[in-house]
Amino acid sequence: MNKKQKRMLLRILLSAALLLAAVLLPLSNFPFLRLAVFLIPYGVIGWDVLWRAIRNIAHGQVFDENFLMALATVGAFFTGEFPEAVFVMLFYQVGELFQSCAVDKSRKSISQLMDIRPDYANVERDGQLVQADPEDVAVGDVIVIKPGERIPLDGVVLEGSSTINTSALTGESLPRDAAAGSDVISGCVNLTGLLRVQVTKAFEESTVARILDLVENSSSKKAKAEHFITKFARIYTPVVVVAAVLLALLLPFFIHVPWTESVHRALIFLVISCPCALVISVPLSFFGGIGGASRQGILVKGGNYLEALANTETVVFDKTGTLTQGVFNVTAIHPDQCSERQLLELAALAESYSDHPISRSLREAWGMELDRNRVSDVEERSGKGVCAQVDGVPVWVGNGKLMDEIGVTWHPCHKVGTTVHVASQGTYLGHIVISDQVKPDAAQAIKDLKAAGVSRTVMLTGDTAAVGEAVAAELGLDEVHAQLLPADKVDQVEALLKEKSSKGTLAFVGDGINDAPVLSRADVGIAMGALGSDAAIEAADVVLMDDKPSKIAVAIRIARRTRRIVLQNIVFALAVKLLVLFLGAAGDATMWAAVFADVGVSVIAILNATRALKIK
Amino acid sequence: MKKRYKMVDLDCANCAAKMEDAIRKIDGVNDVSVSFLAQKLTIDADESRLDDIMAQVVKTCKRVEPDCTIVL
Chain A
2 MNKKQKRMLL
12 RILLSAALLL
22 AAVLLPLSNF
32 PFLRLAVFLI
42 PYGVIGWDVL
52 WRAIRNIAHG
62 QVFDENFLMA
72 LATVGAFFTG
82 EFPEAVFVML
92 FYQVGELFQS
102 CAVDKSRKSI
112 SQLMDIRPDY
122 ANVERDGQLV
132 QADPEDVAVG
142 DVIVIKPGER
152 IPLDGVVLEG
162 SSTINTSALT
172 GESLPRDAAA
182 GSDVISGCVN
192 LTGLLRVQVT
202 KAFEESTVAR
212 ILDLVENSSS
222 KKAKAEHFIT
232 KFARIYTPVV
242 VVAAVLLALL
252 LPFFIHVPWT
262 ESVHRALIFL
272 VISCPCALVI
282 SVPLSFFGGI
292 GGASRQGILV
302 KGGNYLEALA
312 NTETVVFDKT
322 GTLTQGVFNV
332 TAIHPDQCSE
342 RQLLELAALA
352 ESYSDHPISR
362 SLREAWGMEL
372 DRNRVSDVEE
382 RSGKGVCAQV
392 DGVPVWVGNG
402 KLMDEIGVTW
412 HPCHKVGTTV
422 HVASQGTYLG
432 HIVISDQVKP
442 DAAQAIKDLK
452 AAGVSRTVML
462 TGDTAAVGEA
472 VAAELGLDEV
482 HAQLLPADKV
492 DQVEALLKEK
502 SSKGTLAFVG
512 DGINDAPVLS
522 RADVGIAMGA
532 LGSDAAIEAA
542 DVVLMDDKPS
552 KIAVAIRIAR
562 RTRRIVLQNI
572 VFALAVKLLV
582 LFLGAAGDAT
592 MWAAVFADVG
602 VSVIAILNAT
612 RALKIK
Chain B
9 MKKRYKMVDL
19 DCANCAAKME
29 DAIRKIDGVN
39 DVSVSFLAQK
49 LTIDADESRL
59 DDIMAQVVKT
69 CKRVEPDCTI
79 VL
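These protein sequence lines map, in sequence, to chains A and B.
Numbered per this note's numbering, the first sequence spans residues 2 to 617.
Numbered per this note's numbering, the second sequence spans residues 9 to 80.
Mixed in with the good hints, there may be bad ones.
As the list claims (entries may be wrong) - Below, computed lysine-lysine pairings styled on DSS-like, alpha-carbon distance capped at 25 Å:
(1) A:5 - B:11
(2) A:222 - B:33
(3) A:225 - B:67
(4) B:70 - A:5
(5) B:33 - A:106
(6) A:451 - A:615
(7) B:11 - A:225
(8) A:451 - A:499
(9) A:222 - B:10
(10) A:4 - B:14
(11) A:7 - B:10
(12) B:14 - A:109
(13) A:451 - B:11
(14) A:202 - B:67
(15) A:225 - B:33
(16) B:10 - A:202
(17) A:222 - B:11
(18) B:70 - A:232
(19) A:202 - B:11
(20) B:70 - A:4
Claimed, not checked - Label-pair distances were calculated between CB atoms; the ranges are:
(21) A:565 - B:33: 44 to 52 Å
(22) B:38 - A:502: 29 to 37 Å
(23) B:38 - A:448: 23 to 31 Å
If you're looking for bench data, these hints aren't it; they were derived computationally from the structure.
Just so it is clear, the structure is predicted and the values come from calculations on it, not from any experiment.
Every residue, glycine too, gets a C-beta built ideally from N, C-alpha and C.
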């Protein structure tokens, strides 16, 4: 509790004690003295509300909650309900206090989630280590990060090796390794060793500043539900107030009640006329949902995107880098004439001078140092492969076309991927298959999406149909469109957008590098593997900090849960308010019920909204 | 141009909504968002007249919620 809240608590306690005393005093025979005694606790608890009511009326704010509360309680004094008048005001202030504490608390827990802002950086200046504000560190400066410290700025490691905890950014608990030459990202925590890092980005450009900016900005992009509520609030209050006036004036003409009774019923209306419960709890739920998602390494750029995610019907994936690792690996070695080792060694040696991705993956699969002296007379055949002398023996490594050219009989492989054939001295030795590997959690990700109610999963790829279909079958995707150019992907997404139902949304998931147009065309653009990629953070609506496709289903679950909480709050608050309005008009509701329908409902709705923060 | 300001003592969510409505009507303001939760005002307004617009924004906020101040 802050100072203001503590002072309010004191006023509440004092006023409650005075009210109790006033109720217990035997003053029923002295009406004016009794009024005076009740006015003391009323003044203690309500002076600021009265003052604000008068001041705001002067500013032209008619349907201000202070004014309504003041009117209701003063009215209650006039109809002779002294204890009720004081109690309504008292309970209103208790509710307001509770509300302000609850909102503070959820604000704090969200900022704790986002507690990734580094406090200082240890900068090397003239051979000395100086503590500086990260904002004052320039690009090119060398900083030192000790074990246990937060990395203040993005940079590249010059010296030292350590493990780094990225969980504050990615939600991933497995630490990453960092050694000389590797990039480190601000906001992560250095765990084990001392690191000397050269800064590559100024603070405002660094990952941590971008993420904080994004999360803080997210409350400015409002969901439809929020717009609905603000619009509703604008109409609700005037309507209820007008109804109250009509009730007070006209009721005695229709049924046999005295004026005091009709005014009393009108006052009940006034107490319920504030739409606070809705106006606070709806944005708070979205705020909580966004905060909870960011703890999982899922950054959502606004309540509107969270809402759209909840309605996801179609999910479109890019293949390379999204469902697959985007790294080519040797996945099969099929020798005809020699051992697997011999075949791989021969291929790696023949390709040892080439920088082609396939050559690189062959060398990586071999894994040991290659003696290039064993290789001579290397000749690259563009689009086909290479031919070289290995240990003085001619070796051909390449695709089927190369084999045809040298007149060797070869056979295709049943495995999908890029097949590299090897021949030597006119004999076919066998082949090696190189392919992009599917991410370990990709199949689970698709299953989770299906379980979450996504009806259509589509993969778009620039790769060949055979490769695309193999991946789609392995992962259980519904559809695959292969051999697409970047522009074709936009057309495909356009077509899919037309096919989905009007209520559902389409999410596109890509790595954010080449697919900015598609990301912006989809209802929700999701970029993954964004840790360190500025382009992805810019282009997407939802950013997955790590590169796990399984996080998409998590994001959808969070969005659905948030939507459910929002809906519960709207329905609950409106139902209670309408019920009490109805009972109030009929004369069956007391002032107490009215206060509950106002602040009580607010508090319950806020407590419910804070659930959105907690993610299972 | 988009700018962000911190708000102090913005104590009621409904007031934030009212402020937002009133500020949007100011000439030269393209878009505005008052976040009760973040206690922040995000405004997209004509840069050449920013000082003038902000003076009106401050006045508007004072009218809706006199206790709340914008940190310029």
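Do the hints match the structure? See the list:
{"no.": "1", "hint": "A:5 - B:11", "verdict": "violated, 29 Å"}
{"no.": "2", "hint": "A:222 - B:33", "verdict": "holds, 19 Å"}
{"no.": "3", "hint": "A:225 - B:67", "verdict": "violated, 29 Å"}
{"no.": "4", "hint": "B:70 - A:5", "verdict": "holds, 20 Å"}
{"no.": "5", "hint": "B:33 - A:106", "verdict": "violated, 33 Å"}
{"no.": "6", "hint": "A:451 - A:615", "verdict": "holds, 23 Å"}
{"no.": "7", "hint": "B:11 - A:225", "verdict": "holds, 23 Å"}
{"no.": "8", "hint": "A:451 - A:499", "verdict": "holds, 21 Å"}
{"no.": "9", "hint": "A:222 - B:10", "verdict": "holds, 13 Å"}
{"no.": "10", "hint": "A:4 - B:14", "verdict": "holds, 20 Å"}
{"no.": "11", "hint": "A:7 - B:10", "verdict": "violated, 37 Å"}
{"no.": "12", "hint": "B:14 - A:109", "verdict": "holds, 16 Å"}
{"no.": "13", "hint": "A:451 - B:11", "verdict": "violated, 42 Å"}
{"no.": "14", "hint": "A:202 - B:67", "verdict": "violated, 39 Å"}
{"no.": "15", "hint": "A:225 - B:33", "verdict": "holds, 21 Å"}
{"no.": "16", "hint": "B:10 - A:202", "verdict": "holds, 23 Å"}
{"no.": "17", "hint": "A:222 - B:11", "verdict": "holds, 15 Å"}
{"no.": "18", "hint": "B:70 - A:232", "verdict": "holds, 22 Å"}
{"no.": "19", "hint": "A:202 - B:11", "verdict": "holds, 23 Å"}
{"no.": "20", "hint": "B:70 - A:4", "verdict": "holds, 23 Å"}
{"no.": "21", "hint": "A:565 - B:33: 44 to 52 Å", "verdict": "violated, 35 Å"}
{"no.": "22", "hint": "B:38 - A:502: 29 to 37 Å", "verdict": "holds, 33 Å"}
{"no.": "23", "hint": "B:38 - A:448: 23 to 31 Å", "verdict": "violated, 45 Å"}
Hint compliance for this structure: hints 1, 3, 5, 11, 13, 14, 21, 23 are not met, and every other hint is.
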